[in-house]
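J.: What follows is the residue order along each chain.
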Amino acid sequence: MSDERTLDLLEAKIRELQELNKMEGMDLSSEITKLETKLESLRAALYADLSDWDRVKIARHSKRPYACDYFERIFTDFYELHGDRFVGDDRALIIGLARLDGKPVAVIGQQKGRTTEENKERFFGMPRPQGYRKAHRLLLLAERFDLPVISLVDTAGAYPGLESESGNIGGAIAENLALMSRLRVPIVVCIVGEGGSGGALAVGVGDRILMLENATFSVISPEGAAAILWKDKDRTREAAEALQLTAGKLLRLGLIDEVVPEPLGGAHKNWPEVFESVRTSLVRHVEELQNTPRERLVEARYARYRNTGEFHTLAEA
Amino acid sequence: MPIFKDREYLRVELERSQDESLWMQCKACGELVFKRRVRENNNICPNCGEYFFLTAPERIESLIDEGSFVDISKPIVAGDPLAFIDSKSYPERIEVAQERTGLPSAILIAEAKMGEIPVVMGVMDFRFVGGSMGSVVGEQICYGMEQAAERKTPFILISSSGGARIQEGMYALMQMAKTAAVRERLARDAVPFISVMAYPTTGGVQASVASLGDIIIAERGALIGFAGRRVIRDTTGEDLPANFQTDAFAFQHGFIDRVVNRENLREELIHVIRFFQSTEKRES
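Chain order of the listed sequences is A and B. The working numbering applies: residue 1 is where the first sequence begins, and numbers increase by one. The working numbering applies: residue 1 is where the second sequence begins, and numbers increase by one.
Worth flagging that the hints you see were computed from the coordinates, not collected in a lab. Be aware that one or more of the hints could be misleading.
[To be verified] If we take Cβ atoms under 8 Å as the criterion, some of the chain A residues that face chain B in the derived model are:
| no. | residue |
| --- | --- |
| 1 | Ala158 |
| 2 | Pro160 |
| 3 | Gly170 |
| 4 | Ala174 |
| 5 | Leu177 |
| 6 | Ser181 |
| 7 | Arg182 |
| 8 | Ser197 |
| 9 | Ile228 |
| 10 | Trp230 |
| 11 | Leu250 |
| 12 | Arg306 |
| 13 | Thr308 |
| 14 | Phe311 |
| 15 | Leu314 |
Given the structure is predicted, the values throughout are model-derived calculations rather than measurements. We put the beta carbon where it would ideally sit given N, CA and C, even for glycine.
Taking the hints into account, I'd like the entire structure generated from these sequences.
T.: Shown next as structure tokens:
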């Protein structure tokens, strides 16, 4: 969004005038008000009509709040647990115990890095088999102690590499899908950034699937689809539209349950506002689900996944 | 012949239905071989032993007791929930695949007998949009499992799939969760599920139902893995070993129970289902 630069420049100009206004004792307030009005209308116009590709870029924005930011800000007593008990501790997938609105919950989050160093450690937020197996053990723990599970999804995908493949990344994902489909505690999933394919779904099966307004959830990245289907890696815009990967579109298709609003321009513009929306939404859903008898909860989740799919039934001859 | 060959990929050839000639050239040994002999030999080159693709009907024929086949597939065909268009529209793509294969979708669900034991079998056909799993393939697998549970017979899935069907977007991704969920019901009901991974079993199919078998058997020459070679190279620039994602690789890393030659697959499956049949008797 190159037009964002115009907004930044205008913002800088207003700040400059505000400083002058203070220092020189001259009255620039009408000038400032005019510019502020202009800024607001420009901002509204720019963000009113985001393309799907714009949203992909917002979902990937490096200043967007990440899973651990949510853990620290909307939960209390976050207590991280480490390791899959076999191979190691995957830093791209964080698990822990926490309290939401004072009540105990188990949390899972996919975590990207903000610096090169951190990204190296976190494999750019792409979990390996040990990450998914770490989540698997937390799910079992949650079931044992009747803890609701909250999973914050944000990954470009499972880490594609020799180590992952040698560790049967596909098998690890499959085991999580199977377990989450029948776990006897409430699971609330919120896609907070990128929902990249099987690597996202592997911690993304639940009773409620929420998405932040500018988050994406897709079977393949627009880049991948462009390369495979259009044989042209530059046609990502088109691919992004075709894949119907935005929160709004997926809600209309009935594949997710709720869109959590973001501040104008994206979650990175105002963290506290995002934390408040996500917190409110999570609290509400967990409470609803906690009031559902476990048997009914699991049956409803089963029915949801069992009935997902769109096809034509042929008239029998 | 050794079970494990070091190679990048099995070289396979799709049988071209339009090709009327009686002879075909084996891509592995270069020999001109009589097509009918290849067919009678389970699509294995009579000269060098190389495997060619089996279509779903050919696969079924090669495994089951003669004359025991009943097609119990649900009468469904792909929708177009995203109105997806790339180089052609998705409905067009489906139509072409249907014409080319004579099949309604990328999978057949069969009720049949193997060694006189009744089974329900799902068999994928790679010719149909790469055997990819969209809503129809997902639904058929689930339906097949439910039929197996109802009949109290083992469920056998023969995968040959590149993964999720991109043209169905999130509906395709969700089939991974759907098939895994139904597989769990099968486990709860103690219905044996034998997953056979044929060439190729990759992406969303390997990362869901195919990896959840009570017993997992790879057909020799299978390609097994999650992310493709190209994706891995583009993302990480890693050098990948020559046997990467082969049957041997999957076996060495413990993903699968056994690697089986095509000519022995029927025999091995019968052995396994007979074993489970005996456990059932003991319980009752």
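J.: Each of the hints needs a verdict: does it hold here or not?
T.: Evaluated hints:
{"no.": "1", "hint": "Ala158", "verdict": "holds, 7 Å"}
{"no.": "2", "hint": "Pro160", "verdict": "holds, 4 Å"}
{"no.": "3", "hint": "Gly170", "verdict": "holds, 4 Å"}
{"no.": "4", "hint": "Ala174", "verdict": "holds, 4 Å"}
{"no.": "5", "hint": "Leu177", "verdict": "holds, 4 Å"}
{"no.": "6", "hint": "Ser181", "verdict": "holds, 4 Å"}
{"no.": "7", "hint": "Arg182", "verdict": "holds, 5 Å"}
{"no.": "8", "hint": "Ser197", "verdict": "holds, 6 Å"}
{"no.": "9", "hint": "Ile228", "verdict": "holds, 7 Å"}
{"no.": "10", "hint": "Trp230", "verdict": "holds, 6 Å"}
{"no.": "11", "hint": "Leu250", "verdict": "holds, 6 Å"}
{"no.": "12", "hint": "Arg306", "verdict": "holds, 6 Å"}
{"no.": "13", "hint": "Thr308", "verdict": "holds, 4 Å"}
{"no.": "14", "hint": "Phe311", "verdict": "holds, 5 Å"}
{"no.": "15", "hint": "Leu314", "verdict": "holds, 4 Å"}
In this structure, every one of the numbered hints holds.
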